[in-house]
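Peer 1: Take a look at the letters that make up each chain.
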Amino acid sequence: MSRVRFVVCAAALVLAAFALAPTVHAQQKITIGVSLAQDDNPFYIAMLRGIRARAQELGWEVATVSANEDKLRQINGVQDLIARGVKGILISPIDAVGVNAAYDAAAAAKVPIVSVARGSTSTNQTIHVAMDEKQIGRDIAEWTAKKLGGKGKVALLMGPSGAPTFKNLGDGYGEVMAKYPDIEIVSRNDGPLTRERGVKQTEDALVAHPDLAAIYTANDDVALGAMQAVNAANRKGKTLVTGMNGVPPALRAVKEENLAMTVELNPVEWGKLGVDVLATYLKGDKVEPRVFITHIIIDSANVDAKLPKT
Amino acid sequence: MQDKSKRLNLAGHMPLISLIVLCAVTALLTDRFLSPLNLTNILVQSSIMAVIAMGMTFVIVGGGFDLSVGSTAALAGCVAAMVMLNAGIAAGVVAGIIVGAAVGFANGLVIAFLGVNPFITTLGTMVLVRGVVFLITGGAPVAGETGLPDAFVAFGSGRFLGIHYLVWVPALLLAALSFVMHATPYGRRIYATGGGREAAYLSGVPVRRVIASTYVWCGALAGVAGVMLAARLQSGQPTAGEFYELTAIAAVVLGGAALQGGEGMLYKSVIGVFIMIVLGNALNLLNVDSYWQRVAVGAVIIAAAAADRLRSGRDR
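Protein sequences appear in the order of chains A and B.
For the first sequence, the positions run 1 to 310 when the numbering used here is used.
For the second sequence, the positions run 1001 to 1316 when the numbering used here is used.
Among the hints, erroneous ones may be present.
[Stated by the list, open to error] Partial selection, computed: residues in chain A whose CB lies under 8 Å from chain B:
1. ASN76
2. GLY162
3. ASP182
4. VAL186
[What the hints assert, rightly or not] Pulled a few chain B residues facing chain A out of the computed Cβ check, cut under 8 Å:
5. ASN1041
6. HIS1182
7. THR1184
8. GLY1187
9. ARG1188
10. ARG1189
11. ALA1240
12. LEU1285
For the record, the hints were derived by calculation from the structure and aren't laboratory data.
In this text, a Cβ means the ideal position worked out from N, Cα and C, and glycines have one as well.
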């Protein structure tokens, strides 16, 4: 009985091996590794699309590993990429300190490792393709304060604790809001960048403060959740929700005036820039340790030009 | 009779056979799999989960269940980091392990002496402990102004005799704990309790104390894993260890332990961990799409549980 099962298992594995075989053969080209913080967030999905598009133009292969906000898994994934023999790594680190072992592993194998979007404190980080986080936070706050006429209650839905990106965004935001004596920040919560969390925390915030004037969110997914809760509470137009990243569903929401504004970072361009920076580095040319991507504020005034063409 | 015992023997080695087949197939598909770098990676990647799975084996063999190990590991890692920054490495490590054991002790008391269902109890502690981690850390990683002590960070990446420190820990624990489980009266009592609580009680085994003690082992080992995790992540991470309980349970079942208790061995659970890690490693090396990876891992867990069911069905 067990022998039969063993044979069946072995046969199944061999069959699976043949099914997978075609993916392994085309491995002669330059391969770069990609380890993003999440594989189910539209921002990173778009970034990966940009990376793949530019890599294809260069004739490069792209190998991806997923981490889904698990730091240990991200370290393991990067190790797997190195073992696979990639020539360079694009990483969006989950945490500024927690995955430094991944950078150390890359440095030990002499593989350049470029942080895209989020950055790391590791001295082994080759380049950081970053956004000017504090400035973006300030810009969102200025825009919001102007819309509110300089007064009202504001709730902040920040990002995951520990990622400096979200701390810097929030700090820039707070810095500007501090200049408006009639604007009161009533809550400030850390959490994952999910729609579900946006709904939940906004529902709670609206119970605690029915006259909430604006909600800052660190990410469009959170913003879309917040927007759902605001609409369900019949506060559309009364509680402004601001997003961040400019993913297509958020742009549509701005068009429908459910979302007050978002900031376009264009993850597709960001991914391409990451590949370009890595290509320049691999050629042996000099690259600055920090490269900034430009950001644009999108509201009802300019959203039409930004909507994805369908 | 002779024939039957032989068959059972082969079935008993299914985890090892599965692991070998998995490795062989992967090695055939990519020559990078057997490179020294990759083999070292697999050992290091398995180390922390192996420690958690060993603790889980104690609980599952004793007929219980523990969902709180991931949260406990995060708590232990953060406490270790915080104590370490103030009182030195040794104090931090000890504090982390004690905190883990304390969580296990609380689980054990509620489950064994109040008779609350282990699934519900540890589901409760899983959420509660995670809350405590966020409370004491304020939600931010613990790394101090200048990071954790250098010697501790080196423990997370350094080697002794060519093998990572992180791998020595489960190796030594496996040897010591296997002795406890298989060569002491206490170990036999765990098997007896998990195999049939009533019968064990009637033959004089202090079942409540035995059950409670398995949770203390599990908590303490989650604490050890938490300290290792802090070294690996160069910080105490309040969000670390999410879903580790599920991976650990899957690994223990992959290793042939019966979820109804009384059956299971530490080294086989470690093999179960290797199966999970090698599977992930192989899929990464073969560049399998990450969405397909989730499908594959889920399918393997169900297959293992089905094998467990088939085996216990046949024995009856």
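Peer 1: Compare the structure with each hint and give your call.
Peer 2: For each hint, the structure was consulted:
no. : hint    : in the structure
1   : ASN76   : holds, 5 Å
2   : GLY162  : holds, 4 Å
3   : ASP182  : violated, 29 Å
4   : VAL186  : violated, 18 Å
5   : ASN1041 : holds, 4 Å
6   : HIS1182 : violated, 23 Å
7   : THR1184 : violated, 31 Å
8   : GLY1187 : violated, 27 Å
9   : ARG1188 : violated, 27 Å
10  : ARG1189 : violated, 30 Å
11  : ALA1240 : holds, 6 Å
12  : LEU1285 : holds, 5 Å
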